[in-house]
Amino acid sequence: MKKHIMFLLVFAMILPFALAGCGGSSNVVNVYNWGEYIDESIFDEFEEETGIHVNYSTFETNEALYSTLKSGGSSYDVIIPSDYMISRMIQEDMLEPLDFSNIPNAAKIDLSQFNIKPEVLSYDPDGTYSVPYSWGSVGIIYNTTKVTGPVDSWSVLFDEANKGQVLMFNNSRDAIGLALKYLGYSLNTTDESQIKEATDLLIQQKEAGIVQAYVMDQIFEKMISGESAIGPYYAGDAITMISENPDLAFCSPKEGTNLFLDAMCIPKGAENKDNAEAFINFMCKPEIMVRNADVTGYCVPSIEAYNLLDDDLKNSTIAYPPADRIANMEIFTNLPEDTLALYDSEWSRLTAAKAG
Amino acid sequence: MNKKGLSTPYVIWMAIFVVAPLILVVVYAFTSKSGGFTFENFSGMLQYAGIFSNSFLLAIIATAICLAIGYPLSYFLAKESATIRKVAMIFIMLPMWMNFLLRTYAWMSILEDTGLFNRLLALLGLPTLHIINTNAAVVIGMVYNFLPFMILPIFSVIEKIDRSVIEAAQDLGANSVMVFKRVIFPLSLPGVLSGITMVFIPAVSTFVISKLLGGGMTWLLGDLIENQFLGNVYNPHLGSAISLVMMIIVMICMAVMNRFGEGEEGAVVL
Chain A
1 MKKHIMFLLV FAMILPFALA GCGGSSNVVN VYNWGEYIDE SIFDEFEEET GIHVNYSTFE
61 TNEALYSTLK SGGSSYDVII PSDYMISRMI QEDMLEPLDF SNIPNAAKID LSQFNIKPEV
121 LSYDPDGTYS VPYSWGSVGI IYNTTKVTGP VDSWSVLFDE ANKGQVLMFN NSRDAIGLAL
181 KYLGYSLNTT DESQIKEATD LLIQQKEAGI VQAYVMDQIF EKMISGESAI GPYYAGDAIT
241 MISENPDLAF CSPKEGTNLF LDAMCIPKGA ENKDNAEAFI NFMCKPEIMV RNADVTGYCV
301 PSIEAYNLLD DDLKNSTIAY PPADRIANME IFTNLPEDTL ALYDSEWSRL TAAKAG
Chain B
357 MNKKGLSTPY VIWMAIFVVA PLILVVVYAF TSKSGGFTFE NFSGMLQYAG IFSNSFLLAI
417 IATAICLAIG YPLSYFLAKE SATIRKVAMI FIMLPMWMNF LLRTYAWMSI LEDTGLFNRL
477 LALLGLPTLH IINTNAAVVI GMVYNFLPFM ILPIFSVIEK IDRSVIEAAQ DLGANSVMVF
537 KRVIFPLSLP GVLSGITMVF IPAVSTFVIS KLLGGGMTWL LGDLIENQFL GNVYNPHLGS
597 AISLVMMIIV MICMAVMNRF GEGEEGAVVL
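Chains as they are written, first to last, in our numbering: chain A, 1 to 356; chain B, 357 to 626.
Chain A on its own, in the form it takes in the complex (with noise of 0.2 Å):
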């Protein structure tokens, strides 16, 4: 769950030619995951163990996986979405349902090891179709040398004391969730006066003045180069930049936040199921999930890959939340059409604004 940028269209008509390019070839497994989102090293240690060779491309976006898969002409045969989407593609029946006697190392996953409840899984209800990947959560990170104060609500990007320092997701979904949330209400709602009240709550902060900006993964940089003060981002991502300038500090806000899930699939029509299987079940061997977790930051969901991680990442706060911020978080599940017209439209409405 990263990243939304740029190049993508160029990407989505490239490469569909890039994998015609390499479809020849029986023994292949095309893999289509997030931008940096794995330790590519694995892929030799696969084709070693297994023969397989990986074909590896990625995407930025759910929404751009789910447009190169609709729009036909690729084929690819194992992919990573997150949570909704999983849950739109079950509903237009877009993957194919595993076969577990191929992924035994799916078994070692369990998430309710990480006081995640089963409520969670309801994107995929019988599992049939996914294996979780990775999760984690959106926080806030801030400059503790310039924000002053006990951090520890959605409150804080709401501040008159933060003029002009505060960053807010550059997408719908993120933004108007984040004040939903704030509000006390569900990130999923589809009562239109909730979510009229949070896009209000958001064209309140940006006429105050209070936004700086709306950005994705521009943030790296304005919140490293301390150009900003606080903003909303994935914990994984928090993680990085915490390391870059140790003035920087999380939070998860006890109103309840974001917790998002990536997971495994096959795309229907896959043409290496077999292999796609192989890779999936290659995936959940613990020792490959860590390599996973040291390069992206986010967080594993096997207790037993959990134990073989570094100290520093495994008594990570930010990373693995305590249980009872844990209990208030949800995932975004797919809404309904007209509720996505809705954030379309009350999304323009927050962009006419002018800034204070």
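Derived from the structure by calculation, the hints contain no laboratory data.
It cannot be assumed that every hint is accurate.
[Said to hold, decoys possible] Quick look at which bits of chain A chain B covers, simulated, 3 or more residues with Cβ under 8 Å:
id : stretch
1  : 126-139
2  : 208-215
3  : 220-233
[What the hints assert, rightly or not] Distance windows between CB atoms, simulated:
id : chain 1 : residue 1 : chain 2 : residue 2 : range
4  : A       : 337       : B       : 395       : 19 to 25 Å
5  : B       : 461       : A       : 107       : 41 to 47 Å
6  : B       : 611       : A       : 345       : 32 to 38 Å
7  : A       : 356       : B       : 373       : 41 to 47 Å
8  : B       : 461       : A       : 48        : 53 to 59 Å
9  : A       : 254       : B       : 446       : 54 to 60 Å
10 : B       : 399       : A       : 322       : 50 to 56 Å
11 : B       : 531       : A       : 352       : 48 to 54 Å
[Stated by the list, open to error] Here are the computed lysine to any residue pairs in the SDA-like style, where the Cα-Cα straight-line distance is at most 25 Å:
id : chain 1 : residue 1 : chain 2 : residue 2
12 : A       : 206       : B       : 449
13 : A       : 285       : A       : 91
14 : A       : 354       : B       : 465
15 : A       : 196       : B       : 400
Glycine residues also receive a C-beta, built at the ideal position from the N, C-alpha and C atoms.
Use these hints to put chain B onto chain A, whose structure you have.
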């Protein structure tokens, strides 16, 4: 046949990567999510009028600044010796060898409140300027990134103006202002027109610059279109319709400009 055959690869390329996508854009623009024919994508577009006007305004300002900087530069450069011209061209082209995204990212850290530019001002005891995340920053980014596209066509046209034409004008008693007004400028018009096109079109459709330097505070057309394809809504139909309208407006602008140049040596832009 043989000579014509050489252009076949390009014709195929054009068909796949230019004509086919354009047809797709048109088809998407006139269909709804359920697949039927509709004008709905266009009728709802009025709510985005602000974004349209903002995009065109910023692109026009950026193009005007590029012209104001690029024309004199090309004019005086064309008079310099071959060595100076070559060196100057290398410096003009040099930034373009670097990735566009990187250059724009670099501008972000230059223009920030705590960035290089403001630190320099502070060092000189001057008041600092808030530029980042404003429309000014977006225009600066456009000018920086697209200036070479203004300079190159103007320069190459002025450079090729026959010296004897200028001498003839001087022999006939024209002073240097007259020579410029009546001879050099009209002859350089094709370069100016293609320079304007090459700056205006990428400027009006950019979304990287507004995102990085504008801080997402005001949206441009590019942001709006990108959001239809890769945002939470995923509405390629509306995205295509907006793209189509943008293309048509740009084409009208260019046609009008072509009219301007027509009297003078038939400038070819489109």
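Under 8 Å between beta-carbons, do enough residues of the stretch 208-215 of chain A, three at least, approach chain B for the coverage claim to hold? As far as the stretch 208-215 of chain A goes, the hint holds, because 5 residues have Cβ atoms under 8 Å from chain B.
Within 50 to 56 Å or not, the Cβ separation of residue 399 of chain B and residue 322 of chain A? 52 Å, holds
Okay, residue 531 of chain B versus residue 352 of chain A on CB: inside 48 to 54 Å? The hint (48 to 54 Å, Cβ to Cβ) holds, given that residue 531 of chain B and residue 352 of chain A are roughly 53 Å apart.
Between residue 354 of chain A and residue 465 of chain B, does the CA-CA distance stay at or below 25 Å? 24 Å, holds
Mind checking the alpha carbons of residue 206 of chain A and residue 449 of chain B for me, to see if they're no more than 25 Å apart? Given pair residue 206 of chain A, residue 449 of chain B is violated - Cα atoms ~39 Å apart, limit 25 Å.
Taking 25 Å as the top limit, are the C-alpha atoms of residue 285 of chain A and residue 91 of chain A close enough? 29 Å, violated
Does the hinted range 54 to 60 Å hold for residue 254 of chain A and residue 446 of chain B at CB? 58 Å, holds
Status of the given 32 to 38 Å range, CB of residue 345 of chain A versus CB of residue 611 of chain B: Taking Cβ atoms as reference, residue 611 of chain B and residue 345 of chain A lie about 34 Å apart, which means the hint holds.
Between the stretch 220-233 of chain A and chain B, are there enough contacts, at least three residues with CB-CB distance under 8 Å, for the coverage claim to hold? holds (count 5)
Take the C-beta atom of residue 337 of chain A and the C-beta atom of residue 395 of chain B, compute their distance, and say whether it sits inside 19 to 25 Å. For residue 395 of chain B against residue 337 of chain A, whose Cβ atoms are near 20 Å apart, the range 19 to 25 Å holds.
Quick one, are residue 196 of chain A and residue 400 of chain B close enough, alpha carbons at most 25 Å? Roughly 20 Å separates the two Cα atoms, so the pair holds.
Starting from the range 41 to 47 Å, see whether the pair residue 461 of chain B and residue 107 of chain A falls in it by beta-carbon distance. 44 Å, holds
Going through the hint list in order, the structure does not satisfy hints 1, 8, 12, 13.
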